[in-house]
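If you read the protein sequences in the order shown, they are chains W and C.
Under our numbering, think of the first position of the first sequence as 2, with each following residue one higher.
Under our numbering, think of the first position of the second sequence as 9, with each following residue one higher.
Covered stretches of chain C (chain W as the covering partner; in silico rule of three or more C-beta atoms under 8 Å from a C-beta of chain W):
| # | region |
| --- | --- |
| 1 | 166-179 |
| 2 | 244-253 |
So the derived list for chain C, only partly shown, Cβ under 8 Å to chain W, looks like this:
| # | residue |
| --- | --- |
| 3 | 21 |
| 4 | 22 |
| 5 | 25 |
| 6 | 130 |
| 7 | 135 |
| 8 | 144 |
| 9 | 224 |
| 10 | 226 |
| 11 | 227 |
| 12 | 237 |
| 13 | 241 |
| 14 | 256 |
Think of the hints as simulated: they come from the structure by calculation, not from any bench.
For every residue, glycine included, the Cβ atom is placed at its ideal position computed from N, Cα and C.
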Amino acid sequence: MSRTFLVIAENRGGKLRQVTLEALNAAKMSASEGDLIAAAIMGGNTRTLAAELSGFGADKIYTVEHPQLEPYNPETWFAAVRQIIESAKPDAVYAGHTAIGKDLLPMIAAYLKAGQISDVVAIDNSGAETVFVRPIYAGKAFEKKSFTRSPWVVTVRPNNIPAGEPVSGKTPEVIPVEYPNPSLRSVIKDVVSKTSGKVDLSEAKIIVSGGRGVKSADGFKPLQEMADVLGGAVGASRGACDAGYCDYSLQIGQTGKVVTPEIYIACGISGAIQHLAGMSQSRVIIAINKDPEAPIFKVADYGIVGDLFEVVPLLTDEFQRVLQ
Amino acid sequence: MNIYVLMKQTFDTEEKIAIRDGEISDDGVKYVINPYDEYAVEEAIRIRDDHGGSVTLVTIGPERSTDALRTALAMGADEAVLISDEGVQLDEYAAARALQAYLADKAPDLILGGNFSVDNGAGQVAIRLAQLLDIPHVGSITKLEVSAGKAAARRDAEGDEEIVEVTLPALFTAQQGLNEPRYPSLPGIMKAKKKPFARLSLDELGIAAEELAPKTVRKELNLPPARKAGRILEGELHDRVAQLVDLLRNEAKVI
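Excised from the complex, chain W in its bound form (with noise of 0.2 Å):
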């Protein structure tokens, strides 16, 4: 018999976000022949969104159109997807494991007394169980899991499963839902932007990292400016999120965010085990600090021994040069 996959999607700025596609095609890589992708997409300009990923090979899209959907609230927002579950009847749930996969999947895991699989980095559809894995420890270790039974629900971390392609000559049934008014016991009041413009440290390809080493918030300047050139995002140790240099919410790390991008470079980072466990599977990894013998250069794929504000700015320039 065909299952049903309910992939939440998610935008930012008014585009799906990339993560979006990871978990569709996480979806696509769960399924069977003969199974249905369908989607749920939920907020303001559903149907701009819907024709976006159309072409990525959903079968069916759920929109809710509400201006109550933005910003996300865990409550306007379940209440929409609710009625979407209630109609699509899936078999499995999956999401990116960002601020509202973490936040809205838990809540229809439990709704649906399903198990649910968080911060899935890979899939092996080839046995006689779809197996998942996932990062404990915060990278220390990963473990391989399965259900024991259905619904599934599963939330992909930015970065690791690959995005599908489009595919031609699909076009999905878009099928508009109404949204159900709930009386709510939470209101957004305002929402601070402090990221507006800048790549989200999650989806980052490239980060650029700093540590103890930047000695201020200043600091961070040449380190933004260097990820500003390659399009990337600034990041953190415990260490200077301690000392004050920058906000936690920047902190990598295993308490902090773990991050999985194609490039990271650590400024003045010593490379505390905490700290590794965050970052360390990243592809490569780069590592500038005064100190030859910091732990940091154990983990890089390649080191320059020198001081940060030497050796930015030079760096900045350079990938400037060639990318130009």
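Add chain C to chain W, keeping to what the hints say.
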């Protein structure tokens, strides 16, 4: 204010991980209160001090979790409850269901917990619990102000900050930056020994066994492949920088 804190004991974040007989080895491992739960404990104590009431700690875990609970009692919490899971592997579904059963007759005003645990890292249990109890939640908070029947919270949403107003009872999960957890004082440690400490078995919660049957199961555990130390670049600084960019383009092929 009737405050409950969901707590878990975890490996210290500085611990290395080893696998023995297909399980994570706990040989000589130092345990701590899950760092995010520690923020929750601190916040609960502060709210109790400002508004009155009591702080009850709830842990599902093995007997060794007693140490973490005693530490949090020494910080200033009033009571502790250890729901024993000896010999049972609870997944997030079952853990949330057990907490729901425990809290069913407790009428909490506030429930606080960590944003996620640094061992399993799934971050599901607290939010599942809010849903099961049919109360609102605000996840990943960096600030919390409680007033009569209401709370205002700041929430970290991938770096953006949301200001959320919510009616109580409600559940909150703590993010770094919420507060600076206190160290237990010596008098606190002495007092903690006399504070109420309850032990419950899963049986005593009256949940049918099939309800606790895991819906997800671990098939295998691996360590990530060790990273090899790479190349320290030599020469004049300009040359090293040029060499690095060249290697990124032509060897690693990432830019």
